[in-house]
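Enquirer: The primary structure of each chain is shown beneath.
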Amino acid sequence: MRTIVCMKVVPKTEDVRFDQQTRTLDRSGAENEINQPDKSALEMALQLKEGHGGDVVLLSMGPSFFEPYLRLGIAMGADNAILLSDRAFAGADTYPTSYTIATAIRKIGNFDLVLCGEESSDASTGQVPPGIAEWLDIPQVTYLSQLNIEGSMARAKRTVKGGYEIVEAPLPLLASVELGCNSPRFPDFRRKRWAEKEFKITVWTAADMGVNPDKIGSKGSHTTVDELVELPRPSRRMQRITGSPEEEAVLIVQKIKEAFGS
Amino acid sequence: MQDTTQVSEFKGIMVYLEHSAGQLESVSLEILGKARELAERLATDVTGVILGYDIREFGEEAAQFGADRVLVADSPSLAQYTTEAFCNVLAEVVRDRKPEIFLLGATHDGRDLAGRLAVRLNTGLTAHAVQVDIEPETNLLVCGVPGFGGSIVARCKCPRSRPQMATVRPGIFPVPERRPQRKGAIETVQVNTGQVRTKVVERSVKAGVDIARAEIVVIAGRGAVTYFDSVRKFADSIGSAIGVTRPLADRELMPRDYQVGSTGIAVTPKLAIVLGASGAAHFVSGIRGAKTVISVNKDPDADINADADYFVVEDIGRLLPALLSKLEGK
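For the record, the sequence lines run as chains A and B.
Counting in this note's numbering, the first sequence runs from 1 upward without gaps.
Counting in this note's numbering, the second sequence runs from 263 upward without gaps.
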């Protein structure tokens, strides 16, 4: 069984500053990390591999600074890593992104499962996974928390409003995995050294993949971002309530009453 | 693939009407209200589209909430939501009716559907809009899309493709007034589900409180995990809805529908009481709309204190019993 795990590297949300002057994001002070739901997707892929054999291929689109994070994924247990890296991919919204990734998945070939995180923590759209499924013309299950494979069939638990549903689908299948549905493993120490020093990442450019140049990057995007605005932080009173727990309880109950105007 | 470059052929606003347990989703009604407003600005009309089985009565209801016309796709093959059936039917409806704007609720199913449909229709889609406006100079749809934990909003447009698609975050816009005398045209849509490869074999859904609309919400964070039963008692005793931060939903203490924050629900109560949450940005963006925030955390330097109107530095295990006995004794 071959599972392709789509992975994005994102700046840690709390490290990103908004520059009021230029109205742009300042990521310079931000530490990067593997998008957390993508890590859950990788963990799920590795568990499936332990049960069914086969290989796990990491796939990412971005600049070369993504490479150490792909190596981290290799250290966790993935077998191969492909980075789609080309200036022509830059500025892509979810339409060209899903097209480019789907094209790479076709090129990798022979896959049974494509796993993605439910959404990225930076843009948070969650639109790329269904987009990839559409480009590949394969079924999709989004917001999945459990996945079992039996033969050529998948059985998935999917979160919906108010509960869950169990969905069955034939392979190949695309699934987007919910953050927090498992605890991603730590990399094995020895494998980590090997991944950092010896493992070779495959890099594909637009030319390597034979993508339609009109459908990639900012040129292939349908949406434009006009401007960024920072939502003003609501002004809060920040009043501290002090006392013994009993006194604090009295004051809290009083504040509850005040909030409802009685 | 459809040619979407003939922008001028596309007219009107279409709203995808979601329903569950015999009720229209409140986010669909919220969008209908917003769509009415946009339609006035564009001097156009609002079309609702609803898919399901035995759902004809929703047509009239949607008209009472603001739709000029409701397209009903009623078929046993649409009794359960499946991505492919709903995507196939909706793609045909959009190709046939050519709306300039198509809005869906950013629910699990709405997002699942919209992401696939936008690629099928070769058009742009913005996600979980919290602002939905028309740009006066161009008459283009402009949506505010939160990113980076919800504090920064990107103003997005889809200038050259149609329809301009967006999913709209639940709980952001008010539900419009229902006007029983308001009538709309109800039209039946031909249903051709096409190839459907997924099958829903089990569904377990409870109708819960819609915490996005609650007047008072008690929200438990990591520091309240051990006292979760007392948190429930406290919430019950003041007639409050209950919410949780992400780590508690991860541990399945409560379903995702009760998760407050940028990846969950944005609440808009008169009062939010936050117990044992540290105040991470992605959480705080979910209580932005609360009129008053009271927070309890034993850490005097917790970030949450700056996002509270009143904060108590206290061990929750000591405070909750005091609160409960005070409330019982009143």
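Keep in mind the hints are simulated off the structure, nothing from the lab.
All of these numbers come straight from a predicted model, not from anything done at the bench.
Be aware that one or more of the hints could be misleading.
Stated by the list, open to error - Label-pair ranges, simulated between beta-carbon atoms:
#, chain 1, residue 1, chain 2, residue 2, range
1, A, A90, B, A469, 25 to 35 Å
2, A, Q239, B, L586, 30 to 40 Å
3, A, D137, B, L515, 16 to 26 Å
4, B, S466, A, M238, 53 to 63 Å
5, A, F186, B, G591, 45 to 55 Å
6, A, E198, B, K468, 19 to 29 Å
7, A, D214, B, E299, 46 to 56 Å
8, A, S244, B, D563, 17 to 27 Å
9, A, K197, B, E271, 38 to 48 Å
Backbone N, C-alpha and C fix where the C-beta goes; we use that ideal spot for every residue, glycine too.
Enquirer: Check the structure against each numbered hint from earlier and tell me which ones fail, lowest number first.
Expert: 1, 2, 3, 4, 6, 7, 9
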